[in-house]
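Peer 1: Sequence:
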Amino acid sequence: MISLLISLNYLAVAQPIVENQTQPIPILHKAPKTYQGKINNQDINRTLITQLQVKNKGRFSPASYLITQERNGEIREFTIPENNSNSTEPNTPTPVEQVDVIEVIADRQEYNNQQQVVTAEGNVVMNFAQAVLTADRLQVNLADRIAVAQGNVVLTRGQQVLRGEKFEYYLVQDRGVVINAQGQVDQATLNRDLSARLPESRIIPQTTLSDRLTITQPLTDVTATESIGISVGSSRDYQILGDRNNQTSGGQINRLRFEAARMEFENNNFTATDFRLTNDPFSPPELELRAKTANFTQTAPQVSVLTTQNSRIVIDDSFTVPLLTNRFVIDRRPRQPGIVSFGFDGEERGGLYLERSFQLIETEKTNWEITPQYFIQKAIFPTAFDFSDEDDGGVFNPSSLGLQSQFTQRFSPRTNLQARLSLTSLDLEDVEDRLRSRIAFDQQLGNLANPHTFSLQYNFRDRLFNGSLGFQTVYSSLGGIITSPNIPLGKTGINLTYQGSIQNISADTDREDLLESNRDNNRINLTRYQTAASLSKGFLLWQGKPLAPTPNQGLRFTPTPVVPFLQLLTGISGVSSFYSNGDDQQSLQANIGIEGQLGHFSRSYLDYTGFSLTYSQGLRSDRSPFLFDRYVDEKTLSLGLTQQIYGPIRVGVQTSLNLDDNEEISTDYVLEYSRRTHNITLRYNPVLEIGSINFRINGFNWRGDARPFESNNIRPVNQGVSQ
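Quick note on our numbering: the sequence shown kicks off at 76 and runs consecutively.
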């Protein structure tokens with residue numbers, strides 16, 4: 076299920092009333108030109124201000140009121156009856172909790188006392204339920220408790236906008252109909268991530284070079300927002316259990332447009348016909364979802380479901396791809412999207428495999444997900460990789476099946492519990508060598524906007540990648556880790572991060588003096604005390620100008636205009652590790668590099684070049700008794716290059732070398748298809764034997780009125796510290 080994030084809660088409910096008097100209240104007073112009551116006449120054409128007035132005391136009993144006024148004219152106040160036998164509205168009582176006041180201001184207004192209908196014409200503005208509606212003409216039927224607006228109808232709530240030819244809304248229930256609806260949905264945008272932990276390893280980068288340069292390029296007026304991603308393949312935290320919260324899969328889109336021939340809504344739910352949805356601010360949209368009908372239902376405070384019929388994806392208003400699913404989960408919580416996901420892991424799963432996730436428990440605070448896996452390549456070609464043999468093959472062999480499970484319990488905004496389990500074979504004869512698990516109790520400390528994190532963790536068979544030493548398995552570890560956020564040091568531009576931990580660890584060693592002569596394995600058990608700190612600073616050497624954010628210039632192939640720049644990167648990090656047998660490993664590493672991008676990625680060919688070059692030099696005292704955290708790559712060179720070939724196609728390579736041994740540590744090959752609204756990236760690493768296909772739908776944050784549509788988880792070790 077592709078995860079989208081939509082909020083169509085434009086209208087809040089106007090509560091029913093308890094009031095005996097149903098006749099209109101007489102004129103209260105004549106409004107001056109600068110009436111300072113609920114509506115300021117001088118401001119109404121310039122700014123639409125939403126207000127909610129609650130009257131719980133005085134001569135009014137709990138009721139909902141309608142206040143009307145001609146500009147520079149009289150003010151009238153009416154009581155909206157709780158119920159009426161002649162009403163066409165369904166009788167669905169709602170508990171009375173507060174008094175809601177609806178205000179209407181227009182050039183001309185009249186009231187039919189016999190029919191109890193208020194008619195307003197000319198630049199009509201209605202303030203109600205924290206929303207503002209404007210129209211050419213509005214009629215409010217007090218008996219039927221319904222408002223009907225016609226002509227250039229615009230409903231605004233904050234940054235959310237809904238337009239239509241005709242709008243019918245019941246005043247007591249949050250229920251109505253919009254004809255020829257057009258709307259925009261604006262979700263909370265994300266600033267650049269300032270809560271990064273210890274710097275990402277450039278030896279084994281998690282992101283592609285083009286994405287990393289987009290994040291680090293100088294700021295522009297166009298805000299980069301989060302996106303939805305579907306990852307097919309191995310993720311890049313380099314740990315077999317992994318943290319799905321950090322995967323590129325999932326996410327949210329912050330701004331959407333939609334159209335429908337007819338939309339009926341009730342509370343937070345709606346039903347639409349001839350429904351169209353896009354993340355593109357321009358028309359015609361590059362990418363859109365079309366459906367004959369669509370039903371939106373909120374199932375939990377943070378979870379909603381969009382169900383469609385005859386749905387399809389339309390690209391460039393011509394190429395159509397039918398969708399295999401008609402159900403889309405709209406979730407603010409991180410989740411793994413997709414009907415079936417494909418992955419590639421040559422180290423433990425025999426190459427290509429597929430998986431599907433199922434939710435066993437899904438509440439606001441508790442989530443339990445299991446993911447059965449089938450190892451396709453291992454079943455057909457069991458000897459393709461060295462770790463398996465012919466006995467592991469076969470379509471129905473339990474060794475061709477696997478399972479992952481993840482459980483999350485959120486106790487408070489600061490506290491949560493996570494447990495993960497992975498089985499790389501359902502042949503339970505050798506379950507100890509097939510099982511990996513982790514349980515972590517996390518507590519956020521300090522400011523929640525930029526908190527420290529304290530984590531109590533237990534890991535069983537943790538899979539790590541330690542540079543030139545390759546994959547290492549930590550048999551077990553138990554302890555606590557405290558990690559700082561990114562801390563700016565005044566106005567110097569220097570950023571500080573640090574981490575401290577105490578852990579009891581059982582892992583492999585190659586030191587004979589620590590091993591017994593008669594043994595079944597090469598594991599030792601020691602307690603490790605570790606501290607790490609890093610300082611970094613970037614120097615902007617040169618910055619060009621981006622093109623205008625139009626579909627034919629700056630936003631032709633990217634969701635954010637490319638800013639040409641050249642930047643010098645510097646950093647220094649230190650790690651001290653002490654072990655209970657008296658050994659220690661202390662290291663200091665300095666980094667210097669240059670990165671940048673040239674061109675604007677707007678012309679049809681050779682208009683973008685991204686590059687990165689980083690040299691690292693380290694010093695080490697004694698060495699760790701373990702293999703998994705031993706600091707061996709003291710002198711490294713990391714290179715990255717991404718080049719536009721033609722149109723939206725870019726190719727790239729990222730590699731890291733150990734200069735002492737002239738040995739390749741890791742190399743990524745990237746093929747990318749980039750458009751304004753979406754992106755497809757193919758990535759393969761022959762050294763780690765992992766690959767992925769990533770499909771991303773980009774988020775936008777635009778302002779103004781858009782025209783209608785027809786116009787694997789492996790964790791790296793860096794300088795002895797697990798990332």
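Hints in this document: simulated from the structure, not taken from any laboratory. Here the structure is a predicted model, which is why all the values come from computation and not from measurement. Glycine included, every Cβ here is placed at the ideal spot set by N, Cα and C. Certain hints may be false.
[Unchecked claim] Calculated cross-link-like contacts (lysine to any residue; reagent style SDA-like; alpha-carbon spacing at most 20 Å): (1) Lys620 <-> Leu673; (2) Lys440 <-> Thr368; (3) Lys710 <-> Phe640; (4) Lys620 <-> Phe640; (5) Lys612 <-> Leu688.
[What the hints assert, rightly or not] Label-pair ranges, simulated between beta-carbon atoms: (6) Ile557 <-> Ile724: 38 to 48 Å; (7) Ile388 <-> Arg431: 18 to 28 Å; (8) Arg431 <-> Thr742: 23 to 33 Å; (9) Gly674 <-> Thr742: 18 to 28 Å; (10) Thr382 <-> Leu616: 34 to 44 Å; (11) Glu507 <-> Arg431: 23 to 33 Å; (12) Asp735 <-> Asp508: 28 to 38 Å; (13) Glu341 <-> Glu504: 50 to 60 Å.
Peer 1: Hint by hint, which ones does this structure get wrong, listed from lowest number up?
Peer 2: Hint check: 2, 3 and 10 fail, others pass.
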